[in-house]
Amino acid sequence: MGERFAEKDLARLDEVLADLGSQRGTLIPILQKAQEIFGYLPREVLIRISEKINVPISQIYGVVTFYAQFHLKPRGKNIVRSCQGTACHVRGAKAILAELRKQLGLEEGESTTKDLGFTLETVACIGCCGLAPVLMINDETHGRLVPDAIKGILDNYR
Amino acid sequence: MEKLARAHVLCCGGTGCSSSGSKEIIPALKEKLAARGMADEVKVVETGCHGLCELGPLVIVYPEGVFYTRVQLSDVDEIVETHLVKGRVIERLLFREPATLASVPDYDDIAFYKKQHRYALVNCGHINPESMEEYIGAEGYEGLAKALAMKPEDVIAEIKKSGLRGRGGAGFPTGNKWQFTRNAAGDKKYVVCNADEGDPGAFMDRSVLEGDPHRVLEGMIICGYAVGADEGYIYCRAEYPLAIKRLQGAIKQAMEAGLLGDNILESGFSFTIHIKEGAGAFVCGEETALLGSIEGRRGMPRPRPPFPANSGLWGKPTNINNVETFANIPSIMRDGGDYFASQGTETSKGTKVFALTGKINNTGLAEVPMGITMREIIYDIGGGIPNGKKFKAVQIGGPSGGCLPEQLLDLAIDYESLTKAGAMMGSGGLVVMDETTCMVDVARYFLNFTQDESCGKCTPCREGTKRMLEILNRICDGKGTEDDIPLLESLAKSIKAGSLCALGQTAPNPVLSTLNFFRHEYEAHIRDHKCPAGVCTAFVGYTITDACRGCGLCKKACPVEAISGEVKSKHVIDPEKCIKCGACQAKCPFKAIDKG
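So the protein lines, in turn, are chains A and B. Residue numbering for the first sequence is 0 to 157, as defined by numbering that gives the first Met the number 0. Residue numbering for the second sequence is 0 to 595, as defined by numbering that gives the first Met the number 0.
Rather than coming from a laboratory, the hints here were simulated on the basis of the structure. Any given hint could be a false lead.
[Claimed, not checked] Derived pair list, reagent style DSSO-like, types lysine-lysine, alpha-carbon separation capped at 30 Å:
{"no.": "1", "chain 1": "A", "residue 1": "K76", "chain 2": "B", "residue 2": "K555"}
{"no.": "2", "chain 1": "B", "residue 1": "K492", "chain 2": "A", "residue 2": "K101"}
{"no.": "3", "chain 1": "A", "residue 1": "K113", "chain 2": "B", "residue 2": "K388"}
{"no.": "4", "chain 1": "A", "residue 1": "K101", "chain 2": "B", "residue 2": "K567"}
{"no.": "5", "chain 1": "B", "residue 1": "K576", "chain 2": "A", "residue 2": "K93"}
{"no.": "6", "chain 1": "A", "residue 1": "K101", "chain 2": "B", "residue 2": "K251"}
{"no.": "7", "chain 1": "A", "residue 1": "K150", "chain 2": "B", "residue 2": "K478"}
{"no.": "8", "chain 1": "A", "residue 1": "K93", "chain 2": "B", "residue 2": "K251"}
{"no.": "9", "chain 1": "B", "residue 1": "K244", "chain 2": "A", "residue 2": "K7"}
{"no.": "10", "chain 1": "A", "residue 1": "K150", "chain 2": "B", "residue 2": "K492"}
{"no.": "11", "chain 1": "B", "residue 1": "K388", "chain 2": "A", "residue 2": "K93"}
{"no.": "12", "chain 1": "A", "residue 1": "K150", "chain 2": "B", "residue 2": "K554"}
{"no.": "13", "chain 1": "A", "residue 1": "K72", "chain 2": "A", "residue 2": "K93"}
{"no.": "14", "chain 1": "B", "residue 1": "K492", "chain 2": "B", "residue 2": "K478"}
{"no.": "15", "chain 1": "A", "residue 1": "K32", "chain 2": "B", "residue 2": "K590"}
{"no.": "16", "chain 1": "B", "residue 1": "K22", "chain 2": "A", "residue 2": "K93"}
[As the list claims (entries may be wrong)] Computed Cβ-Cβ distance ranges for the label pairs, DEER-style:
{"no.": "17", "chain 1": "A", "residue 1": "A17", "chain 2": "B", "residue 2": "D229", "range": "48 to 54 Å"}
{"no.": "18", "chain 1": "A", "residue 1": "G116", "chain 2": "B", "residue 2": "P385", "range": "33 to 39 Å"}
{"no.": "19", "chain 1": "A", "residue 1": "P73", "chain 2": "B", "residue 2": "K567", "range": "43 to 49 Å"}
{"no.": "20", "chain 1": "A", "residue 1": "L115", "chain 2": "B", "residue 2": "A34", "range": "39 to 45 Å"}
{"no.": "21", "chain 1": "B", "residue 1": "S102", "chain 2": "A", "residue 2": "A148", "range": "23 to 29 Å"}
{"no.": "22", "chain 1": "B", "residue 1": "S269", "chain 2": "A", "residue 2": "D147", "range": "29 to 35 Å"}
{"no.": "23", "chain 1": "B", "residue 1": "Q71", "chain 2": "A", "residue 2": "E35", "range": "33 to 39 Å"}
{"no.": "24", "chain 1": "A", "residue 1": "D147", "chain 2": "B", "residue 2": "Y61", "range": "46 to 52 Å"}
{"no.": "25", "chain 1": "A", "residue 1": "A17", "chain 2": "B", "residue 2": "S269", "range": "24 to 30 Å"}
{"no.": "26", "chain 1": "A", "residue 1": "G108", "chain 2": "B", "residue 2": "P304", "range": "40 to 46 Å"}
C-beta atoms are modelled at their ideal positions from N, C-alpha and C, and glycine is treated no differently.
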């Protein structure tokens with residue numbers, strides 16, 4: 000395991016486990032922190048968590064695959080969330096999503112760019128309906144979108 | 000002591016306005032004021048949300064109460080020089096009524112706010128949400144002080160008297176819920192705040208959490224005292240990072256001030272609050288699923304009874320309310336239940352926050368007394384439908400709700416009247432639709448959502464929503480048959496009857512409600528192979544006419560490279576590649592693209 004992951008990342012994971020592992024109901028916060036460290040939840044990391052906090056790997060896998068927030072595959076440096084909420088839907092979210100795919104050069108079925116620069120996801124609603132259609136890149140929200148604006152927004156993160 | 004400022008400039012720092020640029024405006028204003036030597040006389044305050052997100056960034060200058068909209072970084076100099084130095088109002092930045100285009104300088108005269116009665120949202124946009132002192136200055140924590148001097152039973156009696164009902168969806172009487180938890184046997188009890196606002200189109204809880212976090216804490220502490228709990232959890236969506244940050248800050252301040260923690264205000268009562276971040280699952284808004292998620296499990300609902308009031312978090316009695324419900328508690332305690340009960344209708348007391356979105360001029364949050372009509376909300380507060388389009392329907396209650404057509408616009412809104420009309424209060428999301436919205440597509444949109452978010456535990460919901468979605472896809476793709484409508488209705492009935500939780504029980508509502516009021520649209524798709532609103536892509540196509548001059552703008556605008564053609568010669572659209580987004584038509588300077 001040490002070969003694939005940086006020692007300092009593993010040390011950070013162990014710190015999280017030491018800190019939260021003994022408290023009850025902390026599986027989700029542990030997974031959230033682990034994903035923060037590694038960018039996603041690699042198999043080896045899940046096994047390490049399972050062994051340290053003594054929760055069966057099957058149960059952990061069940062939790063990971065239940066929540067939209069957790070990812071078993073590597074993700075891009077920037078996470079683009081295109082909102083598909085009702086307000087965005089009626090105000091043209093479809094064209095925004097198509098433009099995002101075009102600008103990021105994503106083929107059908109792909110969600111992460113080859114250079115791991117961006118991962119494109121859709122979300123049900125980010126609660127910013129007044130500015131529909133909207134998208135979020137990392138923690139920043141961009142609203143009142145038109146397809147033309149997408150390139151400029153993405154360029155700021157390249 | 001801080002010097003008294005002669006003017007206050009309130010700048011909205013909510014998520015909407017931040018993303019429109021207020022993050023740069025606030026420091027620029029402070030810098031400019033400092034450069035002018037006015038830093039001491041004019042105070043810049045970053046506030047929470049005013050609700051008119053579409054017109055952000057919003058800036059209000061007090062004492063006059065002048066309301067500026069869509070303020071840009073380049074306007075900062077003028078605001079300081081013209082307004083704050085010379086005392087002249089900047090006409091071009093004023094709010095304009097969409098109906099008359101008349102500019103309105105005074106915040107209180109704007110139609111959007113005039114009909115509102117801001118009770119839960121009273122502080123949002125008016126105080127700095129990161130300052131506990133400002134919350135206390137706005138009578139914050141007075142309700143708690145009053146409650147702590149009363150017997151817990153009397154606190155519950157006051158809430159019962161107010162008639163407050165749960166603002167999260169089902170509308171269960173809050174006082175009764177508290178009573179159940181209080182009566183439950185056990186020493187250890189919990190209070191949980193449901194801040195997993197998942198309904199697409201609803202953002203009132205986000206606004207309260209970001210704009211007035213102490214109010215939610217105060218509501219929870221009062222609840223803890225009343226039901227006999229010493230620990231609380233706020234389960235907040237991870238998609239709301241600013242809300243989480245403000246809550247963390249508020250908890251820290253309240254701990255330091257002795258309003259949270261041990262022996263609150265020397266009353267002997269102790270209470271702590273933790274924040275749990277959700278991990279992205281709509282079903283976690285259901286209370287038993289939410290509890291499962293806090294415990295670190297898959298968030299799947301379980302049968303009730305036992306209700307959380309008797310067996311909730313880790314098997315202990317637990318009282319769960321949503322953000323807006325808790326946000327009403329401090330004022331009810333402060334003003335007394337009778338005042339709250341004096342507003343609203345016979346069965347639904349007080350005010351309700353609605354999130355107005357979709358095809359409407361003033362999108363944003365509106366808090367109105369129960370019993371108001373939909374027409375008043377849409378036309379008086381919302382300013383009507385933009386671009387001269389005709390109103391078709393308003394969808395209320397999100398994926399669990401239904402739509403109301405034109406003929407029901409004068410319905411007085413409360414929990415009962417909406418349910419009777421086949422919709423529901425839900426969390427209060429209102430999505431306005433005009434003649435260019437296809438009701439079959441809307442139903443499909445919601446089914447797609449609930450199907451995706453179904454946790455999979457019970458068969459009617461897991462399989463039934465999938466089958467309903469397949470049928471709706473078929474209809475939208477032009478392949479529907481006469482049998483599809485009765486089949487949809489029969490499936491809807493089974494899913495409603497056979498699902499364990501509210502997600503499944505209400506998932507068919509958008510279909511039933513659109514079938515009820517807009518059956519002809521379904522029939523047009525099936526019989527005439529037409530989408531009357533021109534939305535369903537199977538029935539529409541874009542073609543380029545001879546008016547094309549070959550400028551290439553459409554080719555550039557197309558997100559899927561469906562348009563080809565040489566410069567200065569007529570372009571063509573490949574119907575196979577075209578996703579019918581309309582981007583080309585919007586761009587064409589020669590009106591050479593037809594939709595048909």
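Earlier hints that do not hold, by number: Violated: hints 2, 3, 6, 7, 8, 10, 15, 17, 22, 24.
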